[in-house]
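Given chain A, put chains B, C and D with the ligands in place with the hints provided.
Residues per chain are reported as follows:
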Amino acid sequence: MKKFINDPDNLVSELLEGYAAAYAKKIKLEGNNLVVRATPKAAGKVAIVTHGGSGHEPALSGFVGEGMIDISVPGEIFAAPGPPRVLDAIKRADLGAGVLFVVLNHSGDVMTANIVMEMAAKQGLNVKQILTHEDVAGGPKSEPENRRGLVGCVPLYKIAGAAAEEGRSLDEVLAVAEKFNDNMATLAVALTPASHPSTGEFIFELPEDEMEIGMGQHGEAGTGRMKLKSADETAEIMINMLLADIEAKAGDKLLVLLNGTGATTLMEMFIVFRKVAQVCAEKGIEVVRGGCDEYLTVQEMAGFQMFAAKMDDELIALWDAPADTPYLTVSGK
Amino acid sequence: MKKFINDPDNLVSELLEGYAAAYAKKIKLEGNNLVVRATPKAAGKVAIVTHGGSGHEPALSGFVGEGMIDISVPGEIFAAPGPPRVLDAIKRADLGAGVLFVVLNHSGDVMTANIVMEMAAKQGLNVKQILTHEDVAGGPKSEPENRRGLVGCVPLYKIAGAAAEEGRSLDEVLAVAEKFNDNMATLAVALTPASHPSTGEFIFELPEDEMEIGMGQHGEAGTGRMKLKSADETAEIMINMLLADIEAKAGDKLLVLLNGTGATTLMEMFIVFRKVAQVCAEKGIEVVRGGCDEYLTVQEMAGFQMFAAKMDDELIALWDAPADTPYLTVSGK
Amino acid sequence: MIQSIDYAAMVALLRAAETKVIDKHEWLGQLDAYAGDGDHGTTMKRAMGCIETAIGASAEGDLPALLTDVGWALLGVDGGSTGPLLGTLFNGLAESAAGQSALDAAAFAAAFEAGLAAVQRQTKAQPGDKTMMDALVPAVQALRSAADGGLGVAEALDNAAAAAEAGAVATTDMQAKFGRARNLGERSKGSPDAGATSMSLLFRAFAEAAA
Amino acid sequence: MIQSIDYAAMVALLRAAETKVIDKHEWLGQLDAYAGDGDHGTTMKRAMGCIETAIGASAEGDLPALLTDVGWALLGVDGGSTGPLLGTLFNGLAESAAGQSALDAAAFAAAFEAGLAAVQRQTKAQPGDKTMMDALVPAVQALRSAADGGLGVAEALDNAAAAAEAGAVATTDMQAKFGRARNLGERSKGSPDAGATSMSLLFRAFAEAAA
Ligand SMILES: Nc1ncnc2c1ncn2[C@@H]1O[C@H](COP(=O)(O)OP(=O)(O)O)[C@@H](O)[C@H]1O
Ligand SMILES: Nc1ncnc2c1ncn2[C@@H]1O[C@H](COP(=O)(O)OP(=O)(O)O)[C@@H](O)[C@H]1O
Ligand SMILES: [Mg+2]
Ligand SMILES: [Mg+2]
Ligand SMILES: [Mg+2]
Ligand SMILES: [Mg+2]
Chain A
391 MKKFINDPDN LVSELLEGYA AAYAKKIKLE GNNLVVRATP KAAGKVAIVT
441 HGGSGHEPAL SGFVGEGMID ISVPGEIFAA PGPPRVLDAI KRADLGAGVL
491 FVVLNHSGDV MTANIVMEMA AKQGLNVKQI LTHEDVAGGP KSEPENRRGL
541 VGCVPLYKIA GAAAEEGRSL DEVLAVAEKF NDNMATLAVA LTPASHPSTG
591 EFIFELPEDE MEIGMGQHGE AGTGRMKLKS ADETAEIMIN MLLADIEAKA
641 GDKLLVLLNG TGATTLMEMF IVFRKVAQVC AEKGIEVVRG GCDEYLTVQE
691 MAGFQMFAAK MDDELIALWD APADTPYLTV SGK
Chain B
391 MKKFINDPDN LVSELLEGYA AAYAKKIKLE GNNLVVRATP KAAGKVAIVT
441 HGGSGHEPAL SGFVGEGMID ISVPGEIFAA PGPPRVLDAI KRADLGAGVL
491 FVVLNHSGDV MTANIVMEMA AKQGLNVKQI LTHEDVAGGP KSEPENRRGL
541 VGCVPLYKIA GAAAEEGRSL DEVLAVAEKF NDNMATLAVA LTPASHPSTG
591 EFIFELPEDE MEIGMGQHGE AGTGRMKLKS ADETAEIMIN MLLADIEAKA
641 GDKLLVLLNG TGATTLMEMF IVFRKVAQVC AEKGIEVVRG GCDEYLTVQE
691 MAGFQMFAAK MDDELIALWD APADTPYLTV SGK
Chain C
117 MIQSIDYAAM VALLRAAETK VIDKHEWLGQ LDAYAGDGDH GTTMKRAMGC
167 IETAIGASAE GDLPALLTDV GWALLGVDGG STGPLLGTLF NGLAESAAGQ
217 SALDAAAFAA AFEAGLAAVQ RQTKAQPGDK TMMDALVPAV QALRSAADGG
267 LGVAEALDNA AAAAEAGAVA TTDMQAKFGR ARNLGERSKG SPDAGATSMS
317 LLFRAFAEAA A
Chain D
117 MIQSIDYAAM VALLRAAETK VIDKHEWLGQ LDAYAGDGDH GTTMKRAMGC
167 IETAIGASAE GDLPALLTDV GWALLGVDGG STGPLLGTLF NGLAESAAGQ
217 SALDAAAFAA AFEAGLAAVQ RQTKAQPGDK TMMDALVPAV QALRSAADGG
267 LGVAEALDNA AAAAEAGAVA TTDMQAKFGR ARNLGERSKG SPDAGATSMS
317 LLFRAFAEAA A
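Residue numbers (my numbering), protein chains in the order written: chain A, 391 to 723; chain B, 391 to 723; chain C, 117 to 327; chain D, 117 to 327.
Excised from the complex, chain A in its bound form (with noise of 0.2 Å):
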């Protein structure tokens, strides 16, 4: 694959300077590369800490910032950063309110999430971790290890965000964030491979009149490979699966979000949004709030990941309240 890269052993270091030098009004570079807003939350708040691999730019590190993220730890590419990074950042994000620890269920990220929370506690830190694993392609809500977290962190960054700059405790910027959590689900479909960026050589290999439903957000397959389907039809076998999922019925609202992850144009993004509102419409669900945008890529792989969660009035209010991030700003008009 083509990129415009320099030494493949530089990427993220690279990749980060380049960033803070980009948004230098919004966030900035802290510590051992750890991202933090240009002006931290005021004292008495509760603090939003991420971390995982780098490669899905502009996630995770994109959405620091007012409203959403505090620090966010970028790794190596796909590859979760280790304990000790993550401990510094749960240790400068605290003001003093504790820490909400937002980890993606991937097998590195959770083991060292674990790692991070058993040290945490000797230490004595004031920190709550909370796990997305909203992809249905892995199996039913009842057996959520096998659920990856893909894009769903990103809309619950905004939640728990919102919920903490409202100057809302941790115990409850917790059970907000988790009712999200419990309420959303996400299903990736791929149309053309992704390329590993150190190594060049690409990770899957789709052939040219297929696509993939059920993929994962580094490449790793899923399972339903089929013929390619257009987009009308991808969209409805898409949406079905989620409205089963969160179990929405007439009457429900959704937040219904699509993730390019790469190569994927706006242009195709919107067409299958024109059919995920239909689809909802003709159940009587209402879509109350919508975005296409790359919030969560998987380096040049054209595909998307669509995203729906069920919303009440007080997680609509925090989709709605301001943030002020390099990645998602909210005016909150």
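Keep in mind that the hints are not guaranteed to be accurate.
No more than 20 Å apart at the CA atoms, straight line, and that leaves these computed lysine to any residue pairs for SDA-like [stated by the list, open to error]:
#: 1; chain 1: A; residue 1: K619; chain 2: B; residue 2: E591
#: 2; chain 1: C; residue 1: K293; chain 2: B; residue 2: K431
#: 3; chain 1: A; residue 1: K418; chain 2: B; residue 2: A671
#: 4; chain 1: A; residue 1: K617; chain 2: B; residue 2: M391
#: 5; chain 1: A; residue 1: K431; chain 2: B; residue 2: L419
#: 6; chain 1: B; residue 1: K416; chain 2: A; residue 2: G681
#: 7; chain 1: A; residue 1: K416; chain 2: B; residue 2: K619
#: 8; chain 1: B; residue 1: K619; chain 2: A; residue 2: K431
#: 9; chain 1: A; residue 1: K431; chain 2: B; residue 2: V720
#: 10; chain 1: A; residue 1: K416; chain 2: B; residue 2: N396
#: 11; chain 1: A; residue 1: K723; chain 2: B; residue 2: A671
#: 12; chain 1: B; residue 1: K643; chain 2: B; residue 2: W709
#: 13; chain 1: B; residue 1: K512; chain 2: C; residue 2: Q238
#: 14; chain 1: A; residue 1: K619; chain 2: A; residue 2: E637
#: 15; chain 1: A; residue 1: K619; chain 2: B; residue 2: N396
#: 16; chain 1: A; residue 1: K723; chain 2: B; residue 2: N396
#: 17; chain 1: B; residue 1: K531; chain 2: C; residue 2: A125
#: 18; chain 1: B; residue 1: K619; chain 2: A; residue 2: D397
#: 19; chain 1: A; residue 1: K415; chain 2: B; residue 2: G614
Some residues of chain A that are not near chain D, with every Cβ distance over 10 Å (derived) [stated by the list, open to error]:
#: 20; residue: G465
#: 21; residue: G486
#: 22; residue: R538
#: 23; residue: E562
#: 24; residue: D710
Derived Cβ-Cβ restraints for the label pairs, each shown as a range [as the list claims (entries may be wrong)]:
#: 25; chain 1: D; residue 1: A124; chain 2: A; residue 2: M509; range: 42 to 48 Å
#: 26; chain 1: B; residue 1: K639; chain 2: A; residue 2: D397; range: 27 to 33 Å
#: 27; chain 1: B; residue 1: P398; chain 2: D; residue 2: E142; range: 38 to 44 Å
#: 28; chain 1: D; residue 1: G172; chain 2: A; residue 2: N536; range: 40 to 46 Å
#: 29; chain 1: A; residue 1: N536; chain 2: B; residue 2: S620; range: 39 to 45 Å
#: 30; chain 1: B; residue 1: E556; chain 2: A; residue 2: G557; range: 32 to 38 Å
#: 31; chain 1: A; residue 1: A634; chain 2: B; residue 2: E556; range: 46 to 52 Å
#: 32; chain 1: B; residue 1: G557; chain 2: C; residue 2: E142; range: 21 to 27 Å
#: 33; chain 1: C; residue 1: W143; chain 2: D; residue 2: E142; range: 43 to 49 Å
Just so you know, these hints were derived from the structure itself, not from any lab. Please read all numbers here as calculations on a predicted model, not as lab measurements. Ideal placement from N, C-alpha and C gives every residue a C-beta, glycine not left out.
Here is chains B, C and D with the ligands on its own, set in the frame of chain A:
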């Protein structure tokens, strides 16, 4: 190329429907597929209208909203809309203070605009036109007709839109927009081809080990085909051409944007931005504001457009002023 | 063989053009991809697609009205560079045809001269610049010569089609000075211009319908 | 042939592991691409890359300190699934080795049993689940059997390497129950697990260095 579409003849109407469904809080469709603000601007303020082909999402219609565009007239894929719809948009947009009509220098867009301006004159409409032509690959500033309008229209909407929101007169809005226009420059580079979504055909070819500097934004090739370079080398070549064009010197302040045209990752753009910031710093030029994002894409084409503009305090203040559009929101804080 | 262009003949010409261009639109797209953005085929297909609507909408039998309606329909299409140029051409024809119910070879040539003049107010492109002007200008000249030489409309259109085709073919080795291909410089050589080619298809279809 | 593992021997073992894994890291990446995310090679290279730093940083001659430093270095790496597991393994070795300046075959086996127990507090994966446990568990069992049977460290490591290799090869036909490959179900079969393979490389390098 593999894309999620339905009938290729319905691409634009379907994508607009989906866009309006996803961002109903910010924009809506009116008349014959005009994209208008969900909440119109206050009466007595100058309106901003623009037109251009589709297939470049989020541009142009993604920037309709408070502080940027009032009405965008999307054409078919890569084909500017005809004069009648544009004229209709200008009439609808006028809130009593006249309309600034932003046109990108492409043959079809300009011919449509000329006809529109003739008709508007006959009908006594209060509209002034501004033409962007900042592509340095086309030739020197002294040959504006050879220079295409690339991503520069997007920050120009921001500058003009902010001036309009402030309540400035049409002449004043035009003047500050022209100041920005005179001080901006863009250069594009491509790594992989784009395919036309209606025909499914690739519009150009690039050997596996080559890149092309000076690329247009519709697959029109440039004149700088060369062996693939590293991120740093590419950044250096490009920023130096831009700095020369805008005659930037020590002490100057710049806005630098990197616009991903499709499959190029933010990771790569950050790495390129890092080098741009270094080159500028070495010359004593300050990158006061930056951004890396997909503002104006060319379908799935891997590559980016590098944009630089010399800023003064007035322009910085307008860039920082609040905006609330689906694809660029500025909190104004 | 048609000797003057009345409403019915014009409808026949237009329908022939529609059929031929839609038939060849993929080729036009490929030509445009060589140095442009690859959409000239879909744009011409869309442009021709509105001709039938314009015919249906225009008052039966009124030639100038038909030409005006076609002109406006072409302008109303999302037509990139093509729509404004073709629309302007037909609006020019319409103005010249005002008050006439049929055009003989001389009036037909005059109408196209008026159309060309209108187009030339929109673009500075000249023959040699590798645009549709390389087909349009010689075609209009051929119409004029034929009329001056006393030929009928059918023969005039046949000459015009041949001239347009020669002009289009000759663009192959030209370097583009206008349109999206301009930025390619030398590399724009090697393939005929898409717009000149579609213009030659229009004249060929007209000639076949008039024959 | 080394009969007990003191500081110098451990350094030799670690350096051998570093060399072998870095040498084979591209292959590990390819194995991980089969059902995972293709980064196990770069991650192992990065993990091994910090070993020399840990050796340099640790107090010369202090075996438990060396193991602790290596454990923390591995935890400190951006190591995906690998870093926490390997780091935990070495921290377990270090705790077991506390107060000892050299480990004979029995102490060495006991250290690995402690390391394995620590790893098992981090993951529920068992042999058969297609993870590095398929190599680690039989390797530790082989160390124990060798020690119980009176063999020296070198022979014990040779047996352990063979057991780890057999375990890694056997993962080929297994269906993954942990890690990124889990979501592939049946399709995870057909290629050996990356982590089991790298674990077998570590034991093979240890065995070669001890021989
Ligand atoms: N300024 C111009 N003057 C005359 N003809 C032009 C001009 N610009 C473009 N053309 C013609 O239009 C053709 C391209 O049409 P089309 O592909 O439909 O529009 P676009 O270039 O906007 O994509 C070119 O091949 C050329 O013949
Ligand atoms: N939960 C787990 N328990 C044991 N081993 C695991 C677990 N998850 C992953 N592994 C091992 O880690 C290997 C992958 O390591 P690596 O590619 O470095 O990390 P990642 O999966 O985070 O990209 C797998 O091949 C497997 O052997
Ligand atoms: Mg990984
Ligand atoms: Mg076009
Ligand atoms: Mg074209
Ligand atoms: Mg891996």
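* **Structure versus earlier hints, numbers of those that do not hold, lowest first** => Hint check: 2, 5, 7, 8, 10, 11, 14, 16, 17, 19, 20, 22, 25, 32 fail, others pass.
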